[in-house]
Structure formats: C-alpha cells, structure tokens
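Let the hints inform the model, and build the full structure from the sequences given.
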Amino acid sequence: MQRATLKSSHRLLIRICVLGSLAGLLFGMDTGIIGGALPLITKQFLLSTDSKEMVVSAVLFGALLGTISCNFIGKPLGRRRTIMVAALVFVIGSLLSSLAPSRNFLIVARIILGMGVGMAAFSAPLYLSEVSPSKYRGAIISLYQTMVNLGIATAMTIGVAFTYMDTWRPMLFSLAIPAVFLFIGTFFVPPSPRWLVMVKRKDKAVEVLTRIRGSSETEARKEVKAIEEVEAQATEGFEFFRKNRNFRKVIYLGIALQAAQQLTGINIMFYYAPKIFEICGFSSSIARIWGGLSLALLGFICTLSVIAFVDKVGRKPLLYWGAVGMGAAFLGLSGVFYGGIHTTIEQVLAVLMLVIFTAAFFVSSAPVTWILCAEINPLKGRNFGMMLSTCTNWATNLVIAATFLSLLNSAGDVWTFALYGVINLSLLVIYYFFTPETKGVPLEDIEKRLMEGIPLKNIGK
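According to our numbering, the sequence shown is numbered sequentially starting from 1.
Hint data in this document are derived by calculation from the structure and do not stem from the laboratory. Hints may contain errors.
Keeping only pairs whose Cα atoms sit at most 30 Å apart, straight-line, the calculated BS3-like set for lysine-lysine is [as the list claims (entries may be wrong)]:
1) Lys448 - Lys204
2) Lys204 - Lys225
3) Lys457 - Lys222
Here it is in structure tokens:
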C-alpha cells in the first residue's frame, strides 16, 4: 500500500514538474524569439535604433505589469489558476504579435504578451517551491530554469528556420503553441497546499500534501500545522514590510539578487545576438543567428547539469564561481575587441569568451537567483516579496534592453563589455556578505531563523 502511495505521489510530482517546465519554456521562448525576428521586423517596418529597443523592451514592460497584477490576483486565485490566466494572456499576445500590421501595433501586442510572461514567471517558481519536498526543491526549481533555456534554444531554432524563409510572423505565432499546453496542464495538478492553508482550506491542504508527499495523513497534518503556525501571524505584504525589519532585509536581498541577475548582461546575448556576433566578425545574418542558437543550447546543457548538484554543492559556491567566470569573460572579450577582430584566431577568442560567459551564467545566477528568491521570502509576505524582486528583474532587464544599442553606439564595444565585466565581479560583494546558503533547509526553518533576527547570511545553514 505504501509503495503504491509513493508511486502515485511520484506521478503527481512528475505532472507538477511538467507544468513548471512548460511555464519556463514559455519564458525562454519569448526571450529567444526576438533575436531571430528583429532583423526581419526591422527590414519590414524600417526600424531605427530607438524603435528596435522599444520593440525588444515592450515585452519587458508588459512583464512588469503582469508581475504587479499578481500581487492582487495571487491570493484569490492561487498560484495554479494564476498560471492558467497567464497562459491565456500569452496566447492572445502571441497571436496579436504575429498579425501586427505596424510597429506601434506590434509594441502593444508585445506588452500584452509580456503580461503573460510576467504572471507565469512570478507564479511558477512560487508554485514549485510550495509543493516540492525540501530535498528536491532546488532541483525542481532548477528544472524550471533549465526549461527557460530550452525555450530560448527552441525559439532560436525556429528563428533559424524562418530566417531562411525570410519571414518573422510564424516565429511569433509559434509562441502560442506551448501556452495552450500550459493552460491544459493546469487542470492536472493540485493547488499549492500553502495557499490552501492561507485561504483556510485546511482539509484540502492535508489531502494535497498526502498525495504529493506519499505520506500518511498524520504526517501531512503535522506539515499543515507548521504552515498554520507561520500563517497565524500573517499580515498584508506592505504592512508586514513596513513593520517588520527582518522582512525588509529579505526584500532588499531579493531585489539585489534579481537586479544582479540582469546586470550580468545575459539577456543582451539573446535579444541582440545577431548584433553581438556581427561585432565578433560574422558577416552572414544566418551565421549570427546560428551563433545565438549555439549559446542557447550551451545554456540548456549547463542548467540541465545544475539539477544534479545544486542541492549538493549549494547555492553560494555556484554564485561565486559564476560571478568570477562572467566577469573574466567579459573583460577578456573587451580585450579582444580592443585589439580588433582581424584574423580567425581573434574571432575564435571572442566566441570563446562568449561561451565562457554563457556557461558561467547558466550554472550560477540563472537557476540560483530564482531558487533563493522562492526560498527566503516568508509565507505571510511571499506574494509581496516575490512581486518586488520579480518586478526588479523585469525593470532591470527593461533598462538594459532599452539602452544596450545606444550604449554600444556611444561608448563602443570595448568599454561596453568592460563595464559589464566589472559589474559581474562586483556582484561577489552581495553574494558573500548578504546571501544565505539554503540547500536542504525546510522553508519553515528558514522563516523561523529570519524572524528570530538571525543575520541574513545565516538564516539557511
């Protein structure tokens, strides 16, 4: 009987992982698709540099709006139904984008698309963190980030195919397909047990935990009681932020971690991949898109490997090595650009720096930032905390995407990449002095230590 129960719980966990994977896939496809589509859109609508930045960043502005909306619909709908709504919005946005008759219509459509992305990116990691057993939590959330990278690679593959056909509309239409599957998938997973406790549906929470954990009802009730003890002190997110100094510390850390992830410069690699490979000496538009696709596939392989050891190695060592690797790679790339790309050797060196940067990011900040932000926020302020940190991610991403081409034109490639190299190395300060190690620690224990006033870097282990 026990074996049958465990088998059933494993099947349910697989369905949950599939749902989270689809949400990550959507996020990644949206990130990766614009790199291949932008040159063709530019040709059709005769986009200026400013217009190109607006088309790219419109989806990020929408994601910011979508994330903010989750603070209002997250509690009444729950994580699962919010993901359902996100999928519907995503379908609408992708269809409108593919039919856009003008630049302005496309920008509005991509804002709508971005709202779906923001809602899914906010809700999916939270949902996964709240339903996952603590010993698998890091791996399951890493799977989400892995699928983000697979989505980037998938989108760039689609981009290569349709670039040969000299058309961009099917690229944007393709985003609707996984969104439909995500919507359907929400009917086959349970609501978050922590959300059920929050809305006073205790018996349902026990039932869900029994199914997910494969444990007895007694063990499930113990877990529900632990959640209830935390929930008993619940306040509104902003009030909790205003009154509780310990919660404010976590909020500031979440904001810093998400800003740090985008300040690495990772998304310029995918939004503007053709431009970066042009600087590296690739003259063919097809070759540039293939270059971006190769980096996306590398990112997918790297995050896939992280699943195996993120709960063994821990969060902080990965962040340390990632920051050093990314900083060194961008400074090295700046050095190559300073000497100029004149020979095949210099071109190979430039690509090698891009490879090192990409690998370093995807084994560190890519998964670990989302894992930490899902883990460190206490239940009673989780919606508010995740909203602020995720909004920071989108806002920082928006600023970088909306200014990169202008910065490149004014400062030049040498100083632009040198700047990003220095920024990456400076992130070590945040990771060493303020970031906790949370591997294998139950969320309730992390919250208890936080509320006891233990220094932030020690609330994990």
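**Message:** For a C-alpha distance cap of 30 Å, please report whether Lys448 and Lys204 respect it.
**Reply:** Since the Cα atoms of Lys448 and Lys204 sit roughly 25 Å apart, the hinted pair holds (cutoff 30 Å).
**Asked** When you check the alpha-carbon spacing of Lys457 and Lys222, does it fall within 30 Å?
**Response** Holds, because 28 Å separates the two Cα atoms, which is no more than 30 Å.
**Message:** Check whether the Cα positions of Lys204 and Lys225 lie no farther apart than 30 Å.
**Reply:** Cα-Cα ~13 Å, so holds.
Checked against the numbered hints above, the structure breaks none of them.
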